[in-house]
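There are 4 protein chains.
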Amino acid sequence: MSTRKLTGAAVAEHNSKDSCWVIVHGKAYDVTEFRLEHPGGQKIILKYAGKDATEEFEPIHPPDTLDKYLDSSKHLGEVDMTTVEHEEKTADPEEVNRQERIKHMPSLAACYNLMDFETVARSVMKNTAWAYYSSGADDEIQTMRENHSAFHKIWFRPRVLVDVEHVDFTTTMLGTKVSVPFYVTATALGKLGNPEGEVVLTRAAHTHDVIQMIPTLASCSFDEIVDARNGDQVQWLQLYVNKDRSITKRIVQHAEARGCKGLFITVDAPQLGRREKDMRSKFSDVGSNVQANDGDAVDRSQGAARAISSFIDPALSWKDIPWFQSITKMPIILKGVQCVEDVLRAVEAGVSGVVLSNHGGRQLEFARSAIEVLAEVMPILRERGWENRIEIFIDGGIRRATDMLKALCLGAKGVGIGRPFLYAMSAYGQPGVERAMQLLKDEMEMNMRLIGANTIADLNPSMLDVRGLVGGHSGSMPSDTLTIGAYDPLQAPRFSEKSKL
Amino acid sequence: MSTRKLTGAAVAEHNSKDSCWVIVHGKAYDVTEFRLEHPGGQKIILKYAGKDATEEFEPIHPPDTLDKYLDSSKHLGEVDMTTVEHEEKTADPEEVNRQERIKHMPSLAACYNLMDFETVARSVMKNTAWAYYSSGADDEIQTMRENHSAFHKIWFRPRVLVDVEHVDFTTTMLGTKVSVPFYVTATALGKLGNPEGEVVLTRAAHTHDVIQMIPTLASCSFDEIVDARNGDQVQWLQLYVNKDRSITKRIVQHAEARGCKGLFITVDAPQLGRREKDMRSKFSDVGSNVQANDGDAVDRSQGAARAISSFIDPALSWKDIPWFQSITKMPIILKGVQCVEDVLRAVEAGVSGVVLSNHGGRQLEFARSAIEVLAEVMPILRERGWENRIEIFIDGGIRRATDMLKALCLGAKGVGIGRPFLYAMSAYGQPGVERAMQLLKDEMEMNMRLIGANTIADLNPSMLDVRGLVGGHSGSMPSDTLTIGAYDPLQAPRFSEKSKL
Amino acid sequence: MSTRKLTGAAVAEHNSKDSCWVIVHGKAYDVTEFRLEHPGGQKIILKYAGKDATEEFEPIHPPDTLDKYLDSSKHLGEVDMTTVEHEEKTADPEEVNRQERIKHMPSLAACYNLMDFETVARSVMKNTAWAYYSSGADDEIQTMRENHSAFHKIWFRPRVLVDVEHVDFTTTMLGTKVSVPFYVTATALGKLGNPEGEVVLTRAAHTHDVIQMIPTLASCSFDEIVDARNGDQVQWLQLYVNKDRSITKRIVQHAEARGCKGLFITVDAPQLGRREKDMRSKFSDVGSNVQANDGDAVDRSQGAARAISSFIDPALSWKDIPWFQSITKMPIILKGVQCVEDVLRAVEAGVSGVVLSNHGGRQLEFARSAIEVLAEVMPILRERGWENRIEIFIDGGIRRATDMLKALCLGAKGVGIGRPFLYAMSAYGQPGVERAMQLLKDEMEMNMRLIGANTIADLNPSMLDVRGLVGGHSGSMPSDTLTIGAYDPLQAPRFSEKSKL
Amino acid sequence: MSTRKLTGAAVAEHNSKDSCWVIVHGKAYDVTEFRLEHPGGQKIILKYAGKDATEEFEPIHPPDTLDKYLDSSKHLGEVDMTTVEHEEKTADPEEVNRQERIKHMPSLAACYNLMDFETVARSVMKNTAWAYYSSGADDEIQTMRENHSAFHKIWFRPRVLVDVEHVDFTTTMLGTKVSVPFYVTATALGKLGNPEGEVVLTRAAHTHDVIQMIPTLASCSFDEIVDARNGDQVQWLQLYVNKDRSITKRIVQHAEARGCKGLFITVDAPQLGRREKDMRSKFSDVGSNVQANDGDAVDRSQGAARAISSFIDPALSWKDIPWFQSITKMPIILKGVQCVEDVLRAVEAGVSGVVLSNHGGRQLEFARSAIEVLAEVMPILRERGWENRIEIFIDGGIRRATDMLKALCLGAKGVGIGRPFLYAMSAYGQPGVERAMQLLKDEMEMNMRLIGANTIADLNPSMLDVRGLVGGHSGSMPSDTLTIGAYDPLQAPRFSEKSKL
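Chain order of the listed sequences is R, C, E and W. All residue numbers in the first sequence are consecutive under the working numbering, ending with 501. All residue numbers in the second sequence are consecutive under the working numbering, ending with 1002. All residue numbers in the third sequence are consecutive under the working numbering, ending with 1503. All residue numbers in the fourth sequence are consecutive under the working numbering, ending with 2004.
FYI, nobody ran anything at the bench for these hints, they're computed from the structure. For glycine and all other residues, C-beta sits at the position ideal for the given N, C-alpha and C. Possibly wrong hints are sitting among the right ones.
The following label-pair restraints were derived from C-beta to C-beta distances [what the hints assert, rightly or not]: (1) Pro93/R - Thr591/C: 53 to 61 angstroms; (2) Ala1818/W - Glu1058/E: 55 to 63 angstroms; (3) Asn127/R - Pro1698/W: 34 to 42 angstroms; (4) Arg1103/E - Arg1997/W: 20 to 28 angstroms.
Using the sequences and the hints given, assemble the complete structure.
In structure tokens:
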């Protein structure tokens, strides 16, 4: 045990790729090797090479992160913080404007639907946080927006003169009774939106008696989120499978021990997607074009890092399923299935469920929406008589009770909702999330009545007109894409500025 | 009988949910319990708790409202109005601007079609009135606009070289001969648009020899509207079925006694839709976010009120039809049917007609347009040989004679038109409504000639190309929706403000 | 014969519907009865009741109009023009701006396609003239624009490695050899665009060796247009059939005598369409709303006038065809046929051809485009082996050689082009029309090569992909319509102007 | 050999169509006859008639151009440049602005996708260069944009739980192993974008181990481009077939001798397309309308020149294929095939491959996209068992790895990319092109993982949803076209400026 603290100057020497130290909460760490494993890329680590990274680190990492993921040999000990140079921060005019917008933000009661939270959040969140939450794959032309707009291809065939005085939309997911057929799906980095992080969602989920899925990449630690549970509140675990299966085994068995009731293995992210809005939001165009080429080199290695991060094992395959079944009794659900062939294979593999999902449109551009895949999957399951051998969930783009109803009429057991609750939390905290959930319930009650259904069991495909899904994706592109933005329309003949006569 | 009048101070004490009194026309009423039944929600009532509500009450309620719906035990007697405090009204700049716009409004002759009235009305109506009339379900993305745009999927196959010197578009609906195949459908709260209310429509309907359907929730009393009738003018009754069937029975039998020729039972509104434009227009963002949470609580209870209002019985079902048949000889028509299964059931139930309708897009978002449902219904009726066992009407989105002709070619007996006449009335009074009707007749005469039909009987499906309806709803979303509004498009690389060289 | 001239004051007394005199070129006429027959409506006549109408009359009427159409008993004799009061004209700021725009207009060489002429014409034409030429039926949402956009549903399947050094796009229409498969179709009121009127088109047609169709409602007299002919130039006659068949007979036989080679009987206009852009452009909102109601009355009677004008007989029917065949040897073509049933009937009636047309989108809104009807007609004609019993022409929306090629591949003999030449004439006179024709020929030569066809005979349906026509009209509405314009989109929550903190 | 140099005055006398001399690099040339052969049109030559054209000539012509294409009899000898008058150039404000934009251009690292290069290039390129590269056929409504947007009709059906730790997207084209399945396709006039011209692309292609196709109309000479080759780098030759086959033979055999590994004969350009953006960018509206008619005449002759240029033989046909097979052993590929009939014929003709292409949307408007033609072609080839008898390439609109993957899943061997590399080169030189290629590889690696494919051989049609291609082109037109631009939407009634009350 050294009682001598490190000096700022000593740490500052390790400011390169070849030797990279950072200070967090008054302690120094050697992250020279780790930086390539960092799920958030090495670029942000190198920015703080030789410096104090606490302010950047703190809001998005669980407190136990460094103990958990960085070998103790890389823990270099305490730093005499009086010797560490502080950077002068210049007032950021964008931040000043943001604070001004926060002062004038609409009251919570003015939000009447889930889109309203998104609109407010965009104005009151930090730009980088907004970019991280809102970004999608590639140029976001299609998949991310399609997730919601696909619901617009399905219309209702409501029944009238049904006694709907009492409507009951409670249902059961993986054996748990819930008050309404949605759950809070896993989303990363909750502290970007709210300093308390994911526990805010835990509390709101309790208020409304819905299930929360705990993300692997939460800003709060897993135990903090479980500890925030109230009574017999149910939680599930979302899992990124680590290359080191012993880490994965530890995570899974710990979750089961702490009472998690479902294991949702993410299967649609062997490599994290390129999200250009997010990348651009972090980009500081400080250098000349010559320096920019260095930036390019960094970028490329970041790409590499993304590909080989041991946090998410790209080698995960169907062969691994029996192993999961051997280490836990929790029901296993595959999150991110995208075609009927893989749903059939999942049934054969004996898992309890699948989530049809394209990862919120953040991974593969031109992945189809979950609701469209659901419409492909259910008739084939029914044809085989397999519809009760597996529970089908969907997520992506659900913003209204009508969206939820469409999924349930088609045959889904429930739907996951992610970003809208993040936006509500970022703008208004726990009351925001609770109001968002209440609005969905209000809409649900009304719309159950309006389509003529008393219970979830009454919902069935004859209540829908799904012909709009048959034609595939023949529509025109949206007009606000990069492609269209780069196009230079033809001009008509110009009138001259000077008279010709 | 007390001769002592109540004082303003005494009334003012009852200013909460627990005890809520209001003053109307110099009399006090206890509405503590009633507020939950109020079809317009309790929020507006609580706003006037302990105060004089006359100015708000008067323009939208029939004079007999309180006698009719509030038990006499809640009539508290006269108030000494000299003791009631008056609120100072500050000049509303929006109202000043509106008055200015009214001074410059286009002359009636400048309106050439039904959309023109809507455009003018939007500028000259009070914002809350406009919001009430114009609002639709949810975010209005689809159903409300689809009602009109669905007509655009149907094109004509006109015949030429037909002698069309004389065209005759008179027809018969439920036994009544009319000059043109539309009727004035029921719409609530006419006094929001014109101080005289629905009688303006009665008079215009007489001028043009068309039928008016009297709304349950009119601003004028039922008898006022019937009294405004001229000669053998025909009216129908639109009915919201009360939980208390004796009230309903009284209303129906009174209508029959006063000569109504058709009973249109609304079946698409077991619960009134959430109309966010309307809600937002009434919202006063006065409080901080903390107070807003109270607002939230109020809102929620309003939602509850909406659901359980005894004015509209959500338990109404097919089982009730024989009872209606037993209490009246008027032909019974179900208003708000939305799929062929329910039309067939209506035939079997022995009713005289159905109105295919989605309540002007104000109830269920993604309900299909009436014209689309008509195209689904008629071939199946004809297949069964049932097309003459029932009269099919449609409403929603009719703005042009071409829309009307499409419905009639498909097999409808007539079409209901609502909002356009409200807008014409709100902007120009009775002459406005009459011009709107005349424009439709002018268009009708011309378009009958142009498609080569002399009489309504000549209209048939071979005059239409309906292939556009087959594909379902695969088109792209409109670009002015909340969803798109909340989306933040990608940006191209930014040029810097400072030179790099 | 009176030698005494009428005084201005005497004429001015006849300034009402009941007695309506007007002065033209120094002579007075009683048009009290005629005003109801006036194809342009009585409104414009009543504007000049009791006044000198020469300036308004002259630019759009053939010089022989009054002699031809007004009974000599209504010719009141000469007026002493010194006694006629002159109205002071105030400088019209719009006209000043227009003259300024004319000074800066692009040179003709800057027009590279037919749309360019339209863009220029819109800026340099008088507003009323532009409105007359450019207006379409109803709110122009569909038919007028569909005429062009329907071509966009058809794509090419070009053949490569065809020797296309020499391409020849001459063809034959009704026995006349022409240099390119388009003709100048009939359009009314040419002097609105150019003081010389239709003879400008005659001369340009000669330059490019194409046929001109002479309109019944030309601004030049029929004989003036025939006299402008050069060499063996060919002209056809477009005919509105008069209620008085003796007038029609005289017109037809005169045309045949003067050498016309085809009689195109308009069958799609039993009543002239309502063209709201045109109506609005003429509307002067001078009065109060009370006076406006008078305007309304006038409008209505104008509607009536339109309906019963003897210039165009709404009773014209298939029964009249043999009569036409009896009075002329010219080939008879029906202009304005719109479905396959009527084409088959035309074959059976023994006419020489039909023009599939919806009158430039000026008559029935939601009439299908000619190119779509052509795709419906030709396969059925071929199935019956009738494709050579009749010549099929189309007009409407042709702006590019690709449009023309699509029509010819499907089976049309030729296409009519109207508005584009009017715009070219209005902006640049005869050189404009000639350049427009040359551009079409340049495009035609190039595109023949690019699809791999040497001659018109090589064009066939296998060179097209017409699947886009199969689905009917399911697309979304354009966004610049009256309907959308009148719609008030939902708003997101508003940020307050004052801080809440 | 004359030692007497020509004077500027002597040259200046030959300044007309009838006798046209120009000076290039201090030597005079008689181009009176040649001007009609000039692939760029005679207009630009006549602009320099009698003058020094070096500055215009130099950046776009290979140095050996005049020796190669102009008969030595037309080489008039040296000019005494001191006697040549110099034109004063006025500062071009557009050029000043462009230089300013270049100073502020984004750093290369800020470009995250291929569209970004296009956006930057548009701002930093000379207008005429941008217009030449970016222009398409006719009004660019369809084909050019369709090339990219057609990819949006195809969606993925990705497979999950595939071990994708190692992905390998190397493949083989015409026997050459490449690192990724794209090649640099031929594009003309590289020096417009970068003073070094096509050799920049050669070097970048080497860096990334991809094939470059050398264009006939390069700005660098063929040998310069070959000389820039590095190691065993592979190049192909794109060929415009000259009317004089001996020239063509010389070019082909020289290319083979210098090591080219494929002969791509362009078959979609018997006549160069009219590209109106390009034409408009070169147009100087100096004259009055009278002079403009002269301009018109010039234009027309340019049209003629285009049609008959001996540089590209419009008589090229299937009959010529055996001759090509007789003069070279290089594999022969037909570039520009556009329907399945011609692909089958190509197989029968025994060529090695076809490029499905519409020449970047620069030739025939409404030519279908290559990806759509590919979806038509492959099933029919497979049905006949011919899919291995020919290699199918596509080009046009490829901007993302997802586009490439769609083509490969359908059955293409590889895709050509043209404009994006030109834009990257124009904005950032060789590093720009290399980054563009690297971005494609990064996207490719990620997307291979995300659709669940380890190698190119794993890609197959079941990974796609191509239903969107079935319906043909029924969508609505883009809203920024000339047609829509020329349309004048209807207006609602206008409010007056003065009050009426």
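Status of each hint after checking the structure:
no., hint, verdict
1, Pro93/R - Thr591/C: 53 to 61 angstroms, "violated, 36 angstroms"
2, Ala1818/W - Glu1058/E: 55 to 63 angstroms, "holds, 59 angstroms"
3, Asn127/R - Pro1698/W: 34 to 42 angstroms, "holds, 39 angstroms"
4, Arg1103/E - Arg1997/W: 20 to 28 angstroms, "holds, 21 angstroms"
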